[in-house]
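One line per chain: the protein sequences are D and G, in this order. Take the first sequence: its position 68, counted from the start at 1, is 1155 in the numbering used here, and no numbers get skipped. Take the second sequence: its position 188, counted from the start at 1, is 1275 in the numbering used here, and no numbers get skipped.
Calculated from the structure, these hints are not laboratory results. Certain hints may be false.
Identical copies go unnamed one by one, so any copy, or any two together, can satisfy a pair.
Claimed, not checked - Below, a list of computed lysine to any residue pairs in the SDA-like style, where the Cα atoms sit at most 20 Å apart: (1) Lys1148 / Pro1173; (2) Lys1109 / Arg1246; (3) Lys1148 / Ser1240; (4) Lys1148 / Ser1238.
Here is how the chains run, residue by residue.
There are 2 protein chains.
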Amino acid sequence: MKLYTYYRSQASFRVRITLNLKGIAREDSFLHLEKGDQFTAEYRAINPQMVVPTLIDGDTKLFQSLAILEYLDERYPDPPLLPADPVARAWVRGLALINVADSHPLIVPRVRHYLTDVLKVSDEQRLAWIQHWLRAGLEAIEALLAEHPSSGSFCHGPRPTIADICLVTQVTPAKTFNLPLDPYPRVMRVFDACMAIPAFANAHPAKQRDAE
Amino acid sequence: MKLYTYYRSQASFRVRITLNLKGIAREDSFLHLEKGDQFTAEYRAINPQMVVPTLIDGDTKLFQSLAILEYLDERYPDPPLLPADPVARAWVRGLALINVADSHPLIVPRVRHYLTDVLKVSDEQRLAWIQHWLRAGLEAIEALLAEHPSSGSFCHGPRPTIADICLVTQVTPAKTFNLPLDPYPRVMRVFDACMAIPAFANAHPAKQRDAE
């Protein structure tokens, strides 16, 4: 499969982890989001949102990381990334969406650029914004893990699910932006368990060929 | 089922549409987000993110609107809100996520309040922010509909899917915030087809008992 990716993109990170867990080989096509590679006419024709990732599986073009994770889990079900029970699936998806649909969208490059370039906020204000929304997500995930009887080394049950993949992409930017993580022991237990797995570790931004 | 809801919440709107399409009766518990009802200790114990919606189905507590939609579709499969084919499912979910995971998170009350209360942006700057992110999502959805052979009255195939539900919650705030919609004829064709269906129309914010 071909992955349009940027090493620092947390959404690309989610897809890299998933492909690794499924044992699917990929060819990377690198876009440098800070240099604006995503705005070329060529890439806009591939992804009208002008964001990464885009995954090409044969004739199929896939966009939006969570939709890609669900697709990969349906087409390549071993190992499964969602539990079988609908209630557990809803919990796993809900936890994933705290990162995917609430925290992460607020800290992506296009938003950081708007804050600086259009709203003219200071570097300090921009960092406080990023930390504020990351913290809100971490607090919610920590509280939900505390009340969920099937959480432990992973968010639900004995192996990683999409909730763990998206928990990792909540923690990695928190580390990048110097947010203290001591208040989130359950989150960090899951993060550490995940990052001990080669499929996760090898997908980390710092391990990518386009890393700077 | 019991739904914790606020009439203006687009995420609650998605769940109301889905319950109506599935023919599931609900009891509403209203929270006024602008008055801060979501921050009470009582509601925080129910939803640590302090957002709506939360849906209670028997002993099961469900959070994050897209996870709730997927749960309802798995537990109450008639009528289906996702196609059967994995490629089509990925397209439908991807389109939904443009709203759920990119546009909508940037315009919710907590973000609008941060812009005003912390970053001290003007009313004009705040409106420009809201319109900017709504426009980005609408442009992407319009472009994707144009290249998708199975789109027409609905985003995919002959009946509404989660993509249509989330397209509606992209358009409704665009109307609220006075964004011109003429540039998006495919989006508006789908919106109009959806809003002609009572399950959608009766879920509209203006039709709710807590509407002001």
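Homomeric proximity label, Lys1148 with Ser1240: Cα distance no greater than 20 Å: Close neither inside one copy (34 Å) nor across copies (23 Å); limit 20 Å.
Status of Pro1173 relative to Lys1148 across identical chains (alpha carbons, at most 20 Å): between (28 Å within a copy, 12 Å between copies)
Intra- versus inter-subunit Cα pairing at 20 Å for Lys1109 with Arg1246: Answer is within; shortest intra-copy Cα gap is 13 Å, inter-copy 33 Å.
Intra- versus inter-subunit Cα pairing at 20 Å for Lys1148 with Ser1238: between (34 Å within a copy, 16 Å between copies)
Against the hints set out earlier in the document, a violation occurs for number 3 only.
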